[in-house]
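Asker: Below are the chains, spelled out letter by letter.
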Amino acid sequence: MGEVPLLKDLYAQYKDRGVVVVGISLDETVKPLREMVESKGISWPQVWDEGQALATLFNVKGTPFYYLLDQEGKIAAKDIPFEKLRAAIDDLLKTRLKDQ
Amino acid sequence: MAQKSFTRLFGSLLCLLLLAVAALPSIAQTGKPKRSDREKARLDAMIAQAKKEEEQFSKSGGKSDDAHHPNLKWAATFWRYRLKHPGTTATTVATTQTFTLLSRTNSFNEMQAKADTLKFDDPAWERVIHVLLFASMRAKEYSYFITKADALTQSAADPTTRARARFDIADAYWKQGNIAQARANFQTVIAQYPKTSYAEEAEGNVREIDFLNVGQLGPPFERTTINGDRLSLADFKGKVVVLKFWGTY
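Read top to bottom, the protein sequences are chains A and B. Residue numbering for the first sequence follows this note's numbering, starting at 1 and increasing by one per position. Residue numbering for the second sequence follows this note's numbering, starting at 101 and increasing by one per position.
I should point out that these hints are in silico values taken from the structure, not numbers from a laboratory. In this text, all values refer to a predicted model and were calculated from it rather than measured experimentally. Be careful, since some hints might not be right.
Result set (DSSO-like, lysine-lysine): computed pairs, CA atoms no more than 27 Å apart in a straight line [stated by the list, open to error]:
#1 B/Lys240 / B/Lys151
#2 B/Lys240 / A/Lys84
#3 A/Lys74 / B/Lys275
#4 A/Lys84 / B/Lys151
#5 B/Lys339 / A/Lys40
#6 B/Lys339 / A/Lys8
#7 B/Lys240 / A/Lys61
#8 B/Lys219 / A/Lys61
#9 B/Lys275 / A/Lys84
#10 A/Lys61 / B/Lys295
So the derived list for chain B, only partly shown, Cβ under 10 Å to chain A, looks like this [as the list claims (entries may be wrong)]:
#11 Lys173
#12 Pro294
#13 Lys295
#14 Arg307
#15 Pro320
#16 Thr324
#17 Ile326
#18 Asp329
#19 Leu331
#20 Leu333
#21 Lys344
#22 Gly347
Backbone N, C-alpha and C fix where the C-beta goes; we use that ideal spot for every residue, glycine too.
Chain B with its partners taken away, still in its complex shape (with noise of 0.2 Å):
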């Protein structure tokens, strides 16, 4: 009786540990999203307040390069939340935004020298590498994003971040007027990161630099039109043509 009581007791005993433990994996699932989640919402706050913030300056006359744009306390802002949330989405988040601001201010030393600061494993790199692209091109200096995403190409942990700084790369021979070297870094990634993204857009970019030139053929197409009616480039000799690509949305 006392060993059949104790069974029961002893069976209902672990019945409650299974479940707990059962839950536990749930919790912890339904717990981790909220928490970045919370963590996201809070910083698209951030982004949306910076946002604001930054149009209202520059709608009361306030220049890129002033040293009291609000874009300079919200890239303090965003890098302190990057030193005190490592590792986490919303950190590569804050880390794009830090050198997002900064670029629209024309903060080129501090740019690089908070880009000298990320390691090579940085998730965020593949984002902040393209940052540093466009802050060249407003610049027009690009020898230190040369350096830095050929470093890349090197060392990055992530295929996907040495694609994009190869990419790059080529996109920043290509604004320059490089063809030659702007081609060769395409075909890099081409040969490289085959069946990406960045493969796709570097067969399009090398397409464009052999057959889309100004002075070159339009290349010949024949579609139907939404009427039903045949269009066909060639039918066009003699007159001038616009291409409007466009899209209703």
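So that you can see chain A by itself, here it is in the shape it has in the complex (with noise of 0.2 Å):
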């Protein structure tokens, strides 16, 4: 939650660039999440994963917990630091760039 300010920046600075970024909250309830989207003035979509099924079906273990997925989908990183996250998402752009 305190990178907020950081995940902002990155978003801005790449969503014209070819990346997706996707909050999937594991609140209670969807009113606090909706709360501080609106305050944080977060933009990039917000799933509320009640029941938890997507923290299941993806095996997250505590929060926050980022997956990396390259441009076919496949995964490139499981729980990859918020700090090791630029680089790797600059990683693939770049190999997607050698191949075309």
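Using the hints, put the two standalone chains together into the complex.
Answerer: Spelled out as structure tokens, the structure:
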């Protein structure tokens, strides 16, 4: 949660370069999620994971927990710390350029 | 007349006696939690103090394996508490605390010596075995942990402890990259301890071992966002996707 401003920066920088961010909230109710999305001005899509079905599907053991998927939908990183996210995204974007 | 007042006297005495007997359990009930609450509060204060000293020590540049690390003194204090007050919930807390503090100072030999004194029916094992797993991860040396946990799966009195021990063995193999052993042990947890939280977690881990590796397709899903838009992972083909699992809490 503390990294929301940093993720906002990252999102602003990458959203037009073929990067999507999806927030999946494990909150018990949707209300605090709506309030925080509003108050922090979070603009990437948010899913409320009611009953934590997605968390189960991805075997998420704690939050925050990041998955990074490549352009083909394959898992590129699992439980990657936020500090390493940018470099990992850059790698995927670079690989893509080389392929084209 | 005399007979009557005797009956009355006897009757009121009987009443008093009955009242006293009726009151006894409630005295016992109100007396007991108070004592254990007191012990819990005392231990909580000790734990807070130990934590404070550890923070101060590391802030002033103290290393975790320093012979004068306050954790060593506190580990000894909690261990003395254990020996002096056997058989209560607080004993379990104090015991776990001893091992946690020793682990954080890399005092692995002392941990093992103390662990060897715990009988297999000790209720502290469910938590202690987990601390031993963390210690072996720090030391990158799993053989003592595996032997001990394996013995617990055979001999621990409490099924929850046996389940935890088996689960932690699986986790230890996983941490070491031994996927086959990890998977087999998680499967054992699922088969032997069904409908427990350990079985549920083990199921998630088996699924992760099978389907959530780097290079495998992320499991497809479709949901509605809080703004009412449809969101499907399949629609993001050609894009890099960051999934952030989080909570506002």
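Asker: Run every hint past the structure and note whether it holds.
Answerer: Hints, one by one, checked against the model:
Distance restraint check for lysine 240 of chain B and lysine 151 of chain B: the Cα-Cα separation of roughly 25 Å lies within the 27 Å cut-off, and the hinted pair is therefore satisfied. Restraint check: the Cα-Cα separation between lysine 240 of chain B and lysine 84 of chain A comes to about 24 Å, which is no more than 27 Å; the hinted pair holds. For a cut-off of 27 Å, the pair hint linking lysine 74 of chain A to lysine 275 of chain B stands: about 23 Å separates their Cα positions. With a C-alpha separation of about 30 Å, the suggested pair lysine 84 of chain A and lysine 151 of chain B falls outside the 27 Å cut-off, and the hint is violated.
At roughly 25 Å between alpha-carbon atoms, lysine 339 of chain B and lysine 40 of chain A fall within 27 Å of each other, so this suggested pair holds. A threshold of 27 Å between alpha carbons decides the hint, and for lysine 339 of chain B with lysine 8 of chain A the separation of about 18 Å falls inside it, so the pair holds. As the CA atoms of lysine 240 of chain B and lysine 61 of chain A are separated by approximately 22 Å, the hinted pair is consistent with the 27 Å bound. As the CA atoms of lysine 219 of chain B and lysine 61 of chain A are separated by approximately 32 Å, the hinted pair breaks the 27 Å bound.
Of the pairs offered as hints, the one joining lysine 275 of chain B and lysine 84 of chain A holds, with about 21 Å between alpha carbons and a cut-off of 27 Å not exceeded. Taking the CA atoms of lysine 61 of chain A and lysine 295 of chain B, the gap is near 19 Å; set against the 27 Å cutoff, the hint holds. The restraint placing lysine 173 of chain B at the interface with chain A is violated, with a minimum CB-CB distance near 32 Å, outside the 10 Å limit. Contact between proline 294 of chain B and chain A, as hinted, is not supported at the beta carbon level, the nearest pair being about 17 Å apart and thus beyond 10 Å.
Checking lysine 295 of chain B against chain A: minimum C-beta separation of about 16 Å lies over 10 Å; hint violated. Of the supplied interface hints, the one on arginine 307 of chain B holds, with its beta-carbon coming within about 6 Å of a beta-carbon of chain A, less than 10 Å. For proline 320 of chain B, the shortest C-beta to C-beta distance to chain A is roughly 8 Å, which falls under 10 Å, so the interface hint holds. The restraint placing threonine 324 of chain B at the interface with chain A holds, with a minimum CB-CB distance near 8 Å, inside the 10 Å limit.
The interface hint given for isoleucine 326 of chain B holds, since its Cβ lies 5 Å from the closest Cβ of chain A, which is under the 10 Å cut-off. Of the supplied interface hints, the one on aspartate 329 of chain B holds, with its beta-carbon coming within about 7 Å of a beta-carbon of chain A, less than 10 Å. For leucine 331 of chain B, the interface hint holds, since its Cβ comes within 10 Å of a Cβ in chain A; the closest pair sits about 6 Å apart. For leucine 333 of chain B, the interface hint holds, since its Cβ comes within 10 Å of a Cβ in chain A; the closest pair sits about 7 Å apart.
Residue-level restraint check for lysine 344 of chain B holds (minimum Cβ-Cβ distance to chain A is 5 Å; threshold 10 Å). Of the supplied interface hints, the one on glycine 347 of chain B holds, with its beta-carbon coming within about 5 Å of a beta-carbon of chain A, less than 10 Å.
Taken one by one, the earlier hints fail for this structure at numbers 4, 8, 11, 12 and 13, listed in ascending order.
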